[in-house]
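Trainee: Counting in the numbering used here, the sequence shown runs without a single skipped number right up to 361 at its last residue.
Because the hints were derived from the structure by calculation, they are not lab data. Where hints are given, some of them may not hold.
Straight-line C-alpha distance at most 30 Å; calculated BS3-like pairs for lysine-lysine [unchecked claim]:
1) Lys-235 / Lys-194
2) Lys-309 / Lys-259
3) Lys-296 / Lys-269
4) Lys-158 / Lys-269
5) Lys-308 / Lys-225
6) Lys-341 / Lys-309
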Amino acid sequence: MADNHKSYDNIEIWKIKKFIKGLEAARGNEMTLRKTAELATQFYINPATNQPNVTGLILAGSADFKTELSQSNLFDRRLKGKILKVVNVSNGGEDGFNQAIKLSTENLGNVKFMQEINIIGKYFEEISQDNGKYVVRLNDTLKVLESCVVGTLIVWENPNVTRYVLKNNSSGETIIKNLNREQDADQSNFRDPATNVELEVRDKMPILQWLSIEYKKFGCNLVFVTNKSQERSQFCRGFGGIGAILQYKLDVRDFDDLFDDYEVYEDSE
93 MADNHKSYDN
103 IEIWKIKKFI
113 KGLEAARGNE
123 MTLRKTAELA
133 TQFYINPATN
143 QPNVTGLILA
153 GSADFKTELS
163 QSNLFDRRLK
173 GKILKVVNVS
183 NGGEDGFNQA
193 IKLSTENLGN
203 VKFMQEINII
213 GKYFEEISQD
223 NGKYVVRLND
233 TLKVLESCVV
243 GTLIVWENPN
253 VTRYVLKNNS
263 SGETIIKNLN
273 REQDADQSNF
283 RDPATNVELE
293 VRDKMPILQW
303 LSIEYKKFGC
313 NLVFVTNKSQ
323 ERSQFCRGFG
333 GIGAILQYKL
343 DVRDFDDLFD
353 DYEVYEDSE
């Protein structure tokens with residue numbers, strides 16, 4: 093496991109997952125120290141600079157293999173100097189990966205995964221205290237986001253929600269709708285409920301992409317999370333994968349009257 097050479101905040105998780113898959117494939121074809129060392133060099137040595145592209149490595153496993161690797165002459169000496177810790181885990185694959193992260197908290201305090209765990213922990217703490225400094229689910233989060241009181245916007249990296257900008261050419265109204273996959277397939281969502289007039293799609297964008305572009309306008313931080321732990325899975329499934337920690341106490345119900353027609357905006361043309 094490793095953190096990104098340029099920034100702890102932008103750890104290359106995809107590279108770690110590919111490395112894990114490479115190790116699992118090698119296991120099916122007589123896992124060897126040589127093969128593991130070759131994969132480590134392939135993933136963590138930059139061929140352009142001939143230097144490590146990581147600032148630290150954690151070696152984890154359930155047997156003695158990790159220790160043997162760290163001491164082997166086959167393991168690239170440039171990477172040996174980057175080993176931060178060797179830890180024992182009881183599982184393999186991504187479960188073992190997450191376990192190793194938790195066992196290496198002091199070494200990986202600024203890594204993205206630890207940031208995810210910490211921010212989700214803080215989010216659930218705010219909910220347990222019921223102090224009004226949190227908001228859950230997409231609709232309420234977007235309402236509060238408009239008020240610029242959001243401190244940290246938390247978004248699942250795979251929400252499967254699409255933001256539509258629709259135009260009712262008969263009334264001149266511009267309508268914003270955020271639809272999940274099931275709603276996306278329902279054609280009634282693209283017709284005016286009163287007149288059955290078909291709505292013109294003016295813009296279509298995944299909500300994840302839209303938030304990535306627009307969040308700075310609302311003066312908040314944006315944190316993407318995965319569902320690779322019990323807490324994060326609960327956030328994604330139980331809370332819709334989108335929520336926020338607020339800068340100060342707020343009653344979301346105060347926004348109900350202001351946003352009764354939240355999805356509808358009069359045409360300014």
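Trainee: Could you run down the list of hints and mark each one as holding or not?
Mentor: Cross-check of the supplied hints:
no.: 1; hint: Lys-235 / Lys-194; result: violated (35 Å)
no.: 2; hint: Lys-309 / Lys-259; result: holds (24 Å)
no.: 3; hint: Lys-296 / Lys-269; result: holds (10 Å)
no.: 4; hint: Lys-158 / Lys-269; result: violated (51 Å)
no.: 5; hint: Lys-308 / Lys-225; result: holds (20 Å)
no.: 6; hint: Lys-341 / Lys-309; result: holds (21 Å)
In this structure, the earlier hints numbered 1 and 4 are contradicted, and the remaining ones agree with it.
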